[in-house]
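Hints given; two lone chains; assemble the complex.
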Amino acid sequence: MDLTPLVEAAQNSALSEWMRTSLKAVAIINALHVLAIVTVFGTILIVDLRLLGIPNVRRSFTRMHHELLRWTWGAFGISAITGVLLFMVNAVTYHRNTAFWLKMATIVLAGINMLVFELMTAKSAPSWDKGVIPPNAARLAGALSIVLWVAVIVFGRWIGFTKGYDFTIPEEVQFDFSAPAQ
Amino acid sequence: MHDFAEWLGSTPLSVAIQSRLWLTPTLQTIHILMIGVVFVSMLSVALRVLGQVRTEEPLTEVWHRFAPWFWTALGVMAGTGLILTIGEPVREVSALSFWIKMTLIVVGVASALYFGRTVGTAAATVSSVYSGRARVVAVMTIVLWVAIMFLGRWIAYDVEIWESWHLA
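Those protein sequences? They're chains W and S, same order as listed.
Heads up: the first sequence begins at 1 in my numbering, then just goes up one per residue.
Heads up: the second sequence begins at 1 in my numbering, then just goes up one per residue.
Derived from the structure by calculation, the hints contain no laboratory data.
Hints may contain errors.
Sample of chain S residues facing chain W (criterion: CB under 8 Å; computed from the structure) [to be verified]: (1) Leu33; (2) Glu160; (3) Ile161.
All of these numbers come straight from a predicted model, not from anything done at the bench.
The beta-carbon is built from N, C-alpha and C at its ideal position, and this holds for glycine as well.
Bound-form chain S, shown alone (with noise of 0.2 Å):
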């Protein structure tokens, strides 16, 4: 993996990458407003569950009002994430944050697709009053997105959080 990420860090396009001062904080910056779409549609969401706001509409309505944020914000994320990876692949792939940020990440999406294709089915009507079990799952979710943000940040700070579990 880290030849991979010497090799591609090598290569014509991480170069013009890097020697594009303005364009990492510029992608770093789209990153993080991206983030706050992504973490306050399911903040929404997990918050409607328990019983927060928005407890006048339907769950199904409410999740059809974030979705398309969600995901467009995430999809973004994924661009932006992606440019930044090719820019500094040693950095990111010495990060032990930036491997268990992305498997929190593919937990994170497929638990938002899962919800996306059963949430119609399920008895989202104005007055539900959800049940313990979907309450902890709500909880988990906004437990799970903390912690993808806490872990993104943690690339700059691998080393002072995981001290000897850092990659290099």
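Okay, chain W solo, but in the shape it has when bound (with noise of 0.2 Å):
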């Protein structure tokens, strides 16, 4: 599948456009990014530590996975948003870039493991909610949520060190490279 027409057109999109001009949208959306994505990570963490029954296995798990829920989701929304602005105003070049694809897919395999968690493992949540460690299948979804979430960050950052720049040179520009006239 062919994907460039659509990357093409949502560079050359008008609000693409006004994202590369603006001089403070590009910085706000992206700490925007960071703060949403860093939200993500710490409210799955507790979810996942405890689940390895990190500090302890006191709490319910049933009432804290329903209480952080809204905020993972919450914040999840925000930096869905966010990250599909910042991919436009450089969409070509997110397009070529290994990390990049490396994160999407890390994303696609954490959510596939809290898919199977939720519709499998997490019906059993009543008979080990506290005072007892969660089941192997509960604890191996825990510690593949946490290498999953911390690998998107890496790839993440990633991004930022390895995009370079996209622009080609305007053939009318000419390069004079001789020593200057003192």
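Spelled out as structure tokens, the structure:
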């Protein structure tokens, strides 16, 4: 599937053009993206650690899971929206970037891990709600989730160091590398 | 300050950091993971005051659950942040965002120390519903750490954000 026309359309859109020419838009959207992704990571980490029995299993899993879910999803929503906007700014460059695709793939894997946990493993949650170590499947889901979300942040940071700059030198520009006249 | 930064940037330690191209992105990644732990720890305590999470636990217990994570992650951030600054001293001291961020961190650390010392003495019982003033402080704490994160990200965009206030 060739995504190039779609990617180019995103980059040539008026919104993308506005973000590129506005001085502050990208800086603000980027900061929001970091705020949102670390909130996703931190809130999920609390649930994952609870599945692993860290620091203990005293609290009701169902209750803490329910409490944090809206914060995680709210932050994920902001991450996704700001992420799409940042992608649009330099869509062609990101489309070619390996770290970007590794990050997207890792988010999908984290989503699959979450779905398996929510649809299967969490069904038995009432039997290990508190005071007992959760079953192996739940602990595995917690450990996988930590690894995958750390990887999402690693690849995200790597995009910034590998994307390079997407510009071409206009034909009429002539470079003169001779020494300037004294 | 600029002269000091120029000198620091030319020291063998700074050159050693600069020459290891994998080091800066690695330290930045650890720094970002740790701000997640710091922020969500503080957020959890603030949301407990606001009655949003962990209302079945006294506030003291919530603080003791998160304080070790908060301080440990903050310590790691101080270490990674220091190495990053030694690696790019001119970039950091030229950024107004950097100086405002450092000031806000001092406020954040001082208020966390004060809170940690007084939370045990407060009537932090399970059923505690907190007053208007405590709620205002909780919201201000969240805003403070959000501002620290924004300013951290804005060191890279200092000219765009502050324009002529940029210190270079």
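How the hints compare with the structure:
For S:Leu33, the suggested interface contact is upheld, since its CB lies about 6 Å from the closest CB of chain W, less than 8 Å. The restraint placing S:Glu160 at the interface with chain W holds, with a minimum CB-CB distance near 5 Å, inside the 8 Å limit. The beta carbon of S:Ile161 is positioned within 8 Å of a beta carbon in chain W (closest approach about 5 Å), and the interface hint is therefore held.
In this structure, every one of the numbered hints holds.
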